[in-house]
Amino acid sequence: MPSVAELWIRRLHMYIGLYFLFFLWLFCLSGIVLNHPKWTFAEFWNERRQTSREVQISRPADTEDLAICRSLLEQTGIRGEISGNINRTAPGVISFRVVRPGDIYDIKADLDSRQARIDQIHVNGWGVMNMLHSFSGVRRGDPTLHQNWWATGIWRFSMDALSVGMVITVLGGIYLWFIQIRKRFWGAVALLLGIATLGLFLVA
Amino acid sequence: MGSRRSLFYVLTRNLHLYIGLFLSPFVLVFAVSVILLNHPGIPLGGSRALEAATLHVEVPPGFDRLEDIDRVRQAREIMRQADVSGEVGFVGYSRSEGTITIPVSRPWSEATVRVSAKTGMASITQRRTGFLAPLIFLHKMPGPHLANIRGNWAMVRAWGWLANGTAWLLLFLALSGIYLWAILKSERTVGLFLIVAGLASFLGALYAICR
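Chain order of the listed sequences is A and B. Letter by letter, the first sequence follows residues 5 to 208 in our numbering. Letter by letter, the second sequence follows residues 61 to 271 in our numbering.
Calculated from the structure, these hints are not laboratory results. Only a predicted model underlies this, so the values are computations on that prediction, with no experimental measurement involved. A few of these clues could be false.
Said to hold, decoys possible - One-sided and incomplete, this derived list gives chain B residues near chain A with beta-carbon spacing under 7 Å:
| id | residue |
| --- | --- |
| 1 | I95 |
| 2 | P100 |
| 3 | G220 |
| 4 | G237 |
Ideal Cβ positions, reconstructed from N, Cα and C, are used throughout, including at glycine.
Please work from the sequences and hints to get the whole structure.
Quick look at the structure:
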């Protein structure tokens with residue numbers, strides 16, 4: 005009879021795996037595609053669609069740059085993460101980039117003349133998958149990026165949760181192997197082989 | 061029929077176990093590095109500059125006319141003389157100054173080799189990237205960028221195979237895990253609920269971000 009602890013570790017191992025199934029598939033498949041940028045069937049950047057349009061805007065009441073940009077996005081119906089610096093290229097002119105999986109918008113708004121130019125790049129499904137793999141709103145070493153869209157926060161949280169889930173699943177799996185005395189030897193061989201292989205790359 | 065099914069079950073269970081154990085350290089690397097990438101405020105620990113050095117190297121003739129992997133190959137020849145190894149990034153060549161800039165990265169360190177094409181004088185600056193930095197290095201390699209030159213270091217090339225193998229085998233672990241769960245009648249209801257809940261969360265997050 006398995007102990008209560010063993011039963012629950014087994015369940016946790018299984019339940020976490022089942023819950024995160026679709027997230028895991030997405031990140032595995034997108035990781036493979038990202039590592040093969042020469043796969044022609046997954047081409048997305050050369051297949052991108054670029055469009056430009058001019059729209060009328062009203063001057064936002066806000067004074068802070070990020071709030072002004074958010075107001076402009078609301079007016080133009082664009083959803084996404086404001087990425088990088090917000091630039092004031094001339095008096096009354098504000099320009100910024102908005103990103104979400106599948107679309108990149110470069111917006112230049114003249115608040116005085118109440119006109120905005122929107123350049124949009126739209127990529128196909130492979131591009132969406134590619135962008136989802138790393139869409140966190142932040143980048144190590146780039147202090148201009150601060151997550152500022154709630155949906156990015158949800159996705160980033162999902163990535164964190166998947167990571168924590170995988171750590172728990174791995175540790176649970178190791179425990180479940182270790183309590184099977186008959187499988188200890190070959191299990192230890194497999195685990196040590198994995199550690200040694202990884203070690204080779206870590207010390208390279 | 062029953063014994064064939066039980067043989068398949070035993071085989072799947074053993075493969076799930078042993079492949080899972082082999083992959084464990086790799087999955088931990090990818091999982092921990094995601095947290096580090098998603099939270100840039102977490103320090104990587106112990107980043108520090110190493111000593112800079114200068115020395116004379118032979119610059120291969122016609123370097124300025126080379127591009128992509130040919131330029132990287134010649135850059136590697138310069139690196140060999142300077143006793144620097146690692147994955148070479150975009151190799152810059154400034155015509156006005158006549159200098160070659162070779163960025164080199166390894167799991168634990170980054171180096172920049174700057175060479176004057178006229179005099180052959182090379183300066184090398186190196187930096188330790190921190191205790192946790194190798195995890196990020198491995199997560200990002202080989203990756204989608206600089207496709208024409210990526211994998212110019214044998215270790216990165218080999219890691220690329222392993223990283224892809226890890227992803228494929230994880231897909232196998234997920235599928236074999238579903239089979240092993242489906243066998244357990246007592247866990248079917250909860251498991252099914254979790255799959256549906258997971259799918260709903262997944263589609264909900266995708267809808268929020270992509271619509």
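Going down the list of hints, with the structure as the test:
Taken as an interface hint, I95 of chain B checks out: its beta carbon lies about 5 Å from the nearest beta carbon of chain A, inside 7 Å. Because the closest C-beta pair between P100 of chain B and chain A is about 4 Å apart, less than 7 Å, the hint holds. Hint status for G220 of chain B: holds, given a least beta-carbon distance of 6 Å to chain A, under 7 Å. Look at G237 of chain B: its Cβ gets to within about 5 Å of chain A, closer than 7 Å, so that hint holds up.
In summary, this structure violates none of the numbered hints.
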